Amino acid sequence: MIQEKIKLAAHDVNLWFGQKQILKHIDVTFPERKITALIGPSGCGKSTLLRAFNRMHDLVPDARIEGRFLLDNTDLYGGPLSATQVRQRIGMVFQKANPFPKSIYDNVVYGLKINGVPKEQQHEIVVRSLQESYLWEEVKDELNKPAVRLSGGQQQRLCIARTIALRPEVILMDEPCSALDPISTAKIEELILKLKEEYTIVIVTHSMQQAQRIADKTVFMYLGEVVEQGPTASIFNNPQQELTANYVHGRFG
Amino acid sequence: MRQARREWWNSLGKQVFRLTGVMVIVVLMAILGMLLWNTAAFFLEISPVDFITGTQWDPSSSDAQYGILPLLVSTCLVTLGAMIIAIPIGIGTAAFLSEYAGSRLRNILKPIIEMLAAIPSVTIGFLGIVFLGPEIAQMTGQSNGLNALNGAILLAIMALPTIVTIAEDAIQGVPQSYKEASYGVGANRWETLTKITIPAAAPGILAAVMLGVGRAIGETMTVLMATGNVSAFPKGFFHSVKTITATIAIEMGEVPYQTTHYYALFAIATVLFAMTLVVNLIGEHFVNKFRKYQAA
Ligand SMILES: Nc1ncnc2c1ncn2[C@@H]1O[C@H](COP(=O)(O)OP(=O)(O)OP(=O)(O)O)[C@@H](O)[C@H]1O
Ligand SMILES: [Mg+2]
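Respectively, the protein sequence lines represent chains E and C. Reading the first sequence from the start, the letters are residues 1 to 253 in the numbering used here. Reading the second sequence from the start, the letters are residues 1 to 296 in the numbering used here.
Because the hints were derived from the structure by calculation, they are not lab data. Careful: at least some of the hints might be erroneous.
DSS-like cross-link-like pairs, simulated, lysine-lysine; straight-line CA separation at most 30 Å [to be verified]:
| no. | chain 1 | residue 1 | chain 2 | residue 2 |
| --- | --- | --- | --- | --- |
| 1 | E | 187 | C | 292 |
| 2 | E | 96 | C | 292 |
| 3 | C | 195 | E | 96 |
Listed next, the stretches of chain C that the computed footprint assigns to chain E, with coverage defined by at least 3 CB atoms under 8 Å from CB atoms of chain E [stated by the list, open to error]:
| no. | segment |
| --- | --- |
| 4 | 170 to 178 |
| 5 | 182 to 189 |
| 6 | 192 to 204 |
All of these numbers come straight from a predicted model, not from anything done at the bench. Just so it is clear, CB atoms sit at the ideal spot from N, CA and C, and this is done for glycine as well.
Work out the full structure, taking the sequences as your base and the hints as a guide.
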C-alpha cells in the first residue's frame, strides 16, 4: 500500500456509557480522500465510534471518553477546537434521513446561516450542493416544498447536500442506505464515490457487498474493539484474524 | 354461541358510544341555540350598531346604555396583558425544563407547576386582593390596586401551568434526530432550540398558547375579584376594568327575567363565544400550516 496521508485518527480510545464500557482501546486511522468502511455485528460500537468523532456524545450526560481523537494532528477534544468547530469540519449523515421540518431550500441553507456564510453567497452554495448530491434536477422547480414530502432516497441525498454545503473535510455516514431500495442505494453509492475526490469519507455499513464496492479501506469491529483494519481487498480476501474471516464470510453477524 | 355474545357486546358498545356522542352534540347545539335566540331578542330592541359602537355600558340607569365596547376592550386588555406575561415565561420555562434542566430537576419542577393548575380561581383572586393589589397600589401611588394589570398578572399565573405543560410536551416530542442534524451542521444549543426545536414544536406550542388565551378570556372569578369592575371606558393597565365575564356574573343574578338587560347579557355572552371560537380557529389554522412541514 502506498503511504497515504492520515486525515482522521483515534488513539487508544475508551468510551463508557455510565458503567458500561462500549469502546475498548480503539486505534484506528482514516486516510485522506479515501472511503473507509466500518463493519461489524450489531451493537459492536460502530455508531458510537463514529459519533465520537464529531462530538455527538457531548450531548449525552453519562458518556465518558478517554484517549485521543485527531483531525490533521489537531485534537478534537480538549484542544483548540470547540464542539461546533469540530462539527463544521466533520459532517455527519445519519442512518435514517433526518431532514428538518422545513422546505428543501431551508434545509440546505440552515447550516450556512448558522455558520455566518454571507447572504450573497448562500444561494449559489445551496444550488451547488444540491447539484453535487445529484438532487438538483429532481427538485429545482420546487425548492420551497416541505422536505418531508421527498422520497426516502431523495431525503438522504438532501441530508448529504446539507452536509457538503458546509465544505467539511470529513463526512461520517452511519448506514446511509439501510432504509433505501436498491436503486436509491446505487445512486447514493455513486454519489459517495464522487464525493471521495474532495472529502474523506467514513461509512458504517452492514452490507459486505457495499463495503467491497466502494471502500478503499475497511475496519472490522467486534464487541467494542477494532479487530482488524486494512485495504478492503485484503480484509475480505485475506483476513489475518479468524474472527474477521468468519464475519466477512457471513458465518455470524 | 360465544361468538354471538361477542357480536352483541360489540354492537351494544357501538350504540352506547353513538348515543353519548349524539347527546354531547345535542347539548352543545341547545346551548348555542339558546345563546343565539336570546341574542336575537336583544337585537329586536337595540340596534346592533349601537351595541357594537356604544362606548357606555350602563343598563340600570333610566337612559339605559348597552355599548359593548368598554367590556370588550376590558376583556382584550386583561387577556392581552396576561398573554404578554405568560407566553414568554411559559415557553421559556417549557424550553428550560425540556432542554436544559437535568432529568432530576425536571421531575421535581414539573409536578409543582402542574399543581399550580389545581389552585381554585377564587384563591388566586383572593391573592390579587390581599397581596398583589396593595403592592400595585403602592407602586403606582393609587388608592387601590384592583385594575387590569392585577387581573392580567393573575390570569398569567393561571394560564402558565397549561402553557408550560403542553408546550413542554410539544418540545419534548421533537425527534432527537432533528436536534442531532442541527448540532451536526455546527449549531449550538441556543441555535438548535430557537431555530429547529421550537419551530418544530410550534403546533403544540400554539395549541398551548391558544388554550391559555381561551382560559384567560373565559376566566371569571379571578378578574371579578381583582380588576375592580368599574364600567367606565378602560384607559389602560393601571385602571379598573370590567370584563365581559365579570359583567355577566355580576349582573345575571339581579336582572329581571326577559328584560332588555337580561337579553343584553346573552348578547355579550355570544360575543365572548365568538371570540373564543375565533381564537380556536386561528390556532387551528396555524397548527395545520406548520404540520405541513412535519413528517407524516
Ligand atoms: N446513549 C447511550 N447510552 C447507553 N448505551 C448506549 C447509548 N448508545 C449506544 N449504547 C450502547 O452501546 C452499544 C453500541 O451501540 P452502537 O449503536 O454503537 O452499535 P452499532 O455497532 O452501531 O450497532 P448497529 O449496527 O446495530 O447500529 C450498544 O450496546 C448500545 O446499547
Ligand atoms: Mg449503528
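Taking the hints in turn, this is what the structure says about them:
no.: 1; hint: E:187 / C:292; in the structure: 28 Å, holds
no.: 2; hint: E:96 / C:292; in the structure: 20 Å, holds
no.: 3; hint: C:195 / E:96; in the structure: 21 Å, holds
no.: 4; hint: 170 to 178; in the structure: holds (count 3)
no.: 5; hint: 182 to 189; in the structure: holds (count 7)
no.: 6; hint: 192 to 204; in the structure: holds (count 4)
Consistency with the previously given hints is maintained throughout, with no hint failing.
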